[in-house]
Amino acid sequence: MDFITQLLTDPVGFYTSHTLLIANVGINSILAASMFVVLYSGQLSLAAPGFMAIGAYTSVLMELYWRTPLALNVAAGTALAGVVGVLVGLPVLRLRGVFLAIATIGFIEALRLGVILNLPITGEGLGLKNSHADPLGGINIVLVAVVLVVFLLWRLTKGRLGHAWAAIRQDEVAALSQGIDVARYKLIAFTLSAVLAGVAGGLEAHLNFFVDPGDAQYGVTRAVQVLTFAVLGGSGNILGPVVGALFLTTLPEIIRFQDFDYRDMVTGVILIAVIVFRPQGIVSRGGLAIVRPRWWPRAKIRAPSSG
Amino acid sequence: MAQQLLNAIFIGSIYALFAVGYTLVFGILDILNLAHSAVFMLGAALTYSLVVNHGQSFWVACVLGVAAAAIMGLVIEHVCLRPLRRRRAPPIAALISTIGLALIIVAAVEQGLPGTFFAWLWVDGANSVSFPPGVVPNPTWYVAGLTLEASKVAIIPISILLMLVLGYVMRYTQVGRGLRAVAENPRAAQLMGLDVDRMISLTLVISSALGGLAGILFGVSMTDISPYIGRDYVEVRGLAVIVLGGMGSIPGAVAGGYLLGLIEVIALLVLGSNARAGVAFAALFLMLVLRPQGLFGVPLRGKV
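Top to bottom, those sequences are chains A and B. Numbering of the first sequence is given in this note's numbering, commencing with residue 3 and proceeding in unit increments. Numbering of the second sequence is given in this note's numbering, commencing with residue 2 and proceeding in unit increments.
Calculated directly from the structure, the hints in this document are not laboratory data. Just so it is clear, the structure is predicted and the values come from calculations on it, not from any experiment. It cannot be assumed that every hint is accurate.
[Said to hold, decoys possible] Rough simulated footprint, nothing fancy, chain A against chain B, three-plus residues with beta-carbon under 8 angstroms:
#1 73 to 84
#2 87 to 98
#3 103 to 109
#4 236 to 246
For every residue, glycine included, the Cβ atom is placed at its ideal position computed from N, Cα and C.
Bound conformation, chain A alone (with noise of 0.2 angstroms):
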């Protein structure tokens, strides 16, 4: 409990003292906005760890071979991560529901197996050492883009393309018979939630010294992770991802004992929990849904139901 009585006595010596944890809730924030504009749009993309380790790979090569400024590495490998996201969208947009994610587990793990671990370029199995990483320096540029990301999507929620996208999530038949442009705003969706993550890898691969290839970084575990931050935090508003985030990473420190790892246990409770009696997530309206037993004798009166 360390943990959550310095934050609250010294907030200056935590900032010092866990920068690394809050620069990676601000990554981990990242990637949870980019789920989120997939999942308010209606499409299940598990696709975000494949444009991260575009985005990573991209700006940590140019770091290396043409020691470009950081701000043009990240902007570079975003780039790239949106137009590999459009080519990408196109054909797997047309599936829907579970097979869209298969479709997206398919496109990540074929190119973290089939590409990134057989080029020599990318270091193969070993990864890349960015010795000009700044894993303290880096965070201010996180946070920056934290803030910007958010507004950026609350303002777009808002907006003519939000209620385009919460249109085709509802319904996508009727969305179409609208007039709305189905293929083209989740073409959007895709793309931006694609940029999203190049950010988001662009920006970690600078906060450590060690591009690592593994699956907890660009494969199926990390995809299953950022996708956990948008369902326990809520997708109805851009701010249900990014507590969902700062929840799930922090998690960890918060519950560390001596010498029993109970982390993922406790985080799958927390899941199947949420999952069962707060189905909207925990930053969304509603309060608990209570499943009724098939031994529980049934309530006399129904309560009149509130939207």
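Got chain A; can you put chain B on it based on the hints?
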């Protein structure tokens, strides 16, 4: 070359057996049960733990491993699926709850060190282990330049027999008819007097028992048991298998399993070991883009 082809059939049998359970749940519930790979791992881990750390005989351990997997199927149904079904939650909700359960199972095996609460699951922490030689009866024959280990050869008849039995049950028995009715339309099945909840529990039990058995076969023949075998070897490959064969189709999952085994071995021979897994996922991606119904599936209907 012939040896590699034989390996393709061995590993393909395991993929098929694993994917049959995966596809059974998807076919009946339209839900991806992502805890299936954790159940696969649990079967292997529990068998190993009982044999090596608790001195049971191999056959007793196998039975208990499959039984534990089957019970885990009931847990999946009661904890992860039934509460969501009551609320008519979208399929993505079940995706999340089964991911949660998978995290718990994997962490339990990972943390199962002697002296802790999960000691009965003690494998060896996060390390990869294998059965010590002599524990599992494993005579080896050498025929025409091929090495035939009993533990690998046995996989083929076991898998094929089980899949034939499952196919027979699904097609010709009262229970199978009930399961197919639930798959077609749960509401109508209920109105016809079927106990839908019981049918779904049964589906999960069958599916998980097959998954656990696939895990045991994998652990015995591939000599690699760790908390991560489910995640690393079959979770995503299982998806590739059921997509190749057509989602929800049992014969499709069988064919997809052998096809994936073959694709991987060809990739191994042509492109080298690094490219092996990447090729499988590229095949998955292309299959979904070009022919989403799979090799044997009927074209997908657009649901309005």
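Going down the list of hints, with the structure as the test:
For the segment 73 to 84 of chain B, the assignment as covered by chain A holds, since 3 residues bring a beta-carbon within under 8 angstroms of that chain's beta-carbons and 3 suffice. With 9 residues having a beta carbon nearer than 8 angstroms to a beta carbon of chain A, the segment 87 to 98 of chain B meets the requirement of three or more and the stated coverage holds. As drawn, the segment 103 to 109 of chain B meets chain A at 6 residues by the rule of a beta-carbon pair under 8 angstroms; at three or more, the given contact holds. Note: the segment 236 to 246 of chain B has 5 residues with beta-carbon separation from chain A under 8 angstroms; the three-residue rule is met and the coverage holds.
Violated hints are absent here; each numbered hint is respected by the structure.
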